[in-house]
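Got two chains here, each in a separate frame; can you build the complex from them with the hints?
Here are the chains, one letter per residue:
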Amino acid sequence: MTLNWSGKRRWIALVLVLASFVVMFNWPPVVPVIQLPGEIYPAGEVFGLPITNTFVGSIVVWIVILLLIRVVSGRRPRDGGEVPRGGFYNFFEMAFEGLYGFIGSIAPERYLGPIFKMFMTIFILVLLSNWLHLIPGIDSIGFLHPHVHKVEGHYELLDGFDLATLGGVHYLNGQCAWVSPEAAATMSDEALQARADAGCLSGIPAADAADAADEAAGDDHGEEIDYHHVEPGDPAVPWVILPYVRVPSTDLNMTLAFALIAVVMIQVMGFRALGIGYLTKFFNFSTLFKSPLGGIDVAVGLLELIGEMAKILSFAFRLLGSMFAGSILLFVISFLLPVIAPWPVFLLEFFVGLIQAIVFGLLTAIFMSLATVSHHHDEEHHEEAAAGAH
Amino acid sequence: MEEAVLVAGKAIGAGLAMIGALGGGIGIGLSVGGAVQGMARNPDHTGTIQTNMILGVAFAEAVAIYALVVSLIILFVLS
Chain A
0 MTLNWSGKRR WIALVLVLAS FVVMFNWPPV VPVIQLPGEI YPAGEVFGLP ITNTFVGSIV
60 VWIVILLLIR VVSGRRPRDG GEVPRGGFYN FFEMAFEGLY GFIGSIAPER YLGPIFKMFM
120 TIFILVLLSN WLHLIPGIDS IGFLHPHVHK VEGHYELLDG FDLATLGGVH YLNGQCAWVS
180 PEAAATMSDE ALQARADAGC LSGIPAADAA DAADEAAGDD HGEEIDYHHV EPGDPAVPWV
240 ILPYVRVPST DLNMTLAFAL IAVVMIQVMG FRALGIGYLT KFFNFSTLFK SPLGGIDVAV
300 GLLELIGEMA KILSFAFRLL GSMFAGSILL FVISFLLPVI APWPVFLLEF FVGLIQAIVF
360 GLLTAIFMSL ATVSHHHDEE HHEEAAAGAH
Chain B
0 MEEAVLVAGK AIGAGLAMIG ALGGGIGIGL SVGGAVQGMA RNPDHTGTIQ TNMILGVAFA
60 EAVAIYALVV SLIILFVLS
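Chains as they are written, first to last, in numbering that gives the first Met the number 0: chain A, 0 to 389; chain B, 0 to 78.
Simulated restraints on C-beta separations: (1) B:Val31 with A:Pro343: 18 to 24 Å; (2) A:Ala12 with B:Met0: 46 to 52 Å; (3) B:Asn41 with A:Leu17: 48 to 54 Å; (4) A:Gly85 with B:Gly32: 38 to 44 Å; (5) A:Val63 with B:Asp43: 35 to 41 Å; (6) B:Gly19 with A:Arg75: 43 to 49 Å; (7) A:Leu304 with B:Val31: 28 to 34 Å; (8) B:Gly32 with A:Ile11: 39 to 45 Å; (9) B:His44 with A:Leu48: 49 to 55 Å; (10) A:Glu92 with B:Leu77: 47 to 53 Å; (11) A:Pro343 with B:Ala39: 27 to 33 Å.
Calculated from the structure, these hints are not laboratory results. Glycine included, each C-beta is placed from N, C-alpha and C at the ideal position.
For reference, chain B alone in the conformation it holds in the complex (with noise of 0.2 Å):
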């Protein structure tokens, strides 16, 4: 019983942390968005717009990882 709660804890727990991905979604879909934007206006800036845009959604991504580090260190190293 003891062991089921806590399979149970680790397993909300993880789901919860994953809600920070949600702020990373929506940051990589702004800023592709824009670019693409960007890029139909300005065909010519292809390549340095896409450089910028890959920096901006790694960032972005960055903050969707932290919370998929946490969920994975709940599920697997905790103990």
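Extracted from the complex, chain A is given alone in its bound form (with noise of 0.2 Å):
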């Protein structure tokens, strides 16, 4: 694979960058809507669970780490030679011994094997993730969909924008947000003026509005409009887009659950290691009548088993901040300033992604690590080191 156009590259990048700059000025960038929980699936649902697009995004997220092992483990050497297989199989035989190096490096030898593979499948997993939300246009290109919220069994119209169409796809008019046929009503004559000759749907002056009205539908919507079969472009409603795939790292589900997942593994791990004697490490009874300052180990056990439960709330809200955040920063400087700008930020989330996916997969690594250790052992050896340098 080469990439050498003798120097038509960086005109090709400049024409790029020019068009882009054609492209803001005559479609201007729209408000992104931001909402926490993933947007359900207008479709309907599957086994009676609505289907969202943090979970459309998991599922894309597993199709390429199929496809990663595929590609990855038919490029390794069979017989065993160590003949370089080409860049991309090399790549990863030295990203996955430098990364055997480093959790080798903290855990206990016995047990590196499973702490490393709970390490590796946690970090792979996390990091594509994490980098979904570096393709261009996996936010802005979605089901259009009215923004509409049900209140007490009505509908509430929220902010959202007209619809224009392009080569038979419809897309957001970023220069009219919708105005609601009340708010229109108080808007000057000058105004309504302006957005038609904009190119506006609604907020227009009442004449076009009817005219407009019996083009689109020919019938009288009446008082109650069924949200959620409208007929894209109608003006009546507020349009909004609802992303087809969304980073799965920004829904408290997934994160929680890969925290759910760490912290019994975590547990399982130290089960394995000291068998039932780990859970002295919790309900600390031994020294409780023995010595005056028993109760403290007690309370110290309690102290640890809050801190478990500290450890699945602190694993899924960073995740789940950091890459949240992330997703925000990149919709946000998208809208502001849609071509220099964003560069340095993706940049920017490529290693805040690279670095929440190894603190993630070397947290469990380390607590697994930890777990494998009883106190009480470690402090005989260190007395009977002592004793002996003495």
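Below, the structure written as structure tokens:
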């Protein structure tokens, strides 16, 4: 794979930058609608569960991982030879060996295998989830959806935009924020005419609006509009985009699931290494009646128990917070200045995604290694070593 | 009018919640500063120091991210 276009590349890049300036001035960007829970697909439910776009994002991540497995394991040398198999495979081998050495310096040698597998699984899944929002357009291509909010049986219209059409594709018209008929009645005639000249569909002079409604529907909508089956382009409702795919790590369901898996596996690792004696970390009554300060050990054990619960929260909210904030940063900077300003932000998000994935996996690995160590044995060894030194 | 007060309250609350990021910033600065000094004096142990530094930074950053989550919830979830 060679990418040397002998100096043509810079001209192509320049033309693309200039073209994006032209696009930016003619089709201004749209203020995004930001929502913390994953947006629910309008198409319906599977087995009684609504499908959210973050779930679809995680399916995309699984498919990418399966493709990676296929590509990388397909190139693995079967004969045990060490012949280089091309850049992609070598990159994976390098990353794998580097991370194996990294975890090897943390984890006890006896449990390096399971700890490394857990680390690598979490690392790859979280990394690919985090990097999903670096694909341009992933947050801006989606279903067009009437922005309504159901309150106590009736619909409440929220902020949105008018639609426009280009080559059969509907898009949000950034120049025309949606205006309700009641708000349009209070606007001046000049403002309404200006909106009509700009090509808006709502908030235009009443005569034009009546013509447009006749052309669009033919029949009267009446009072009740079925907001789930509106024709695209209907000026009676505000429109927003519901992205097909959203980054799975911006959904608390995904991060909490990973956090629960990580914390449960930490306990499993502890029981595997120390047997039932692992529980003495939390319920330590052995010194309660032997020493005057035995009560402290009981309290420390309870604090450890609370600490395990806190680990779940801290894992879940760290990933959610940093990735959701990153997504919003990308939305907002792309809205404010869509051409040059987002480039460094994309680079920043690349590193944030990598570091959050490493931190998630590394903390799991460290907590797992700590769970395999018994406190009591450690102290005894230290005392023996100290006695031997004297 | 009521809506404007609501929006203003949300904005003020979200801004106040982000004061928590101060502590995270100070913590990260201190830990990275200490780690860099350690690495400069003791370049052989760069790997170990870096690992522990990243861990400490992640813990310090977590507190700032909790503040961020609170302010994001105030802005986008409360209605």
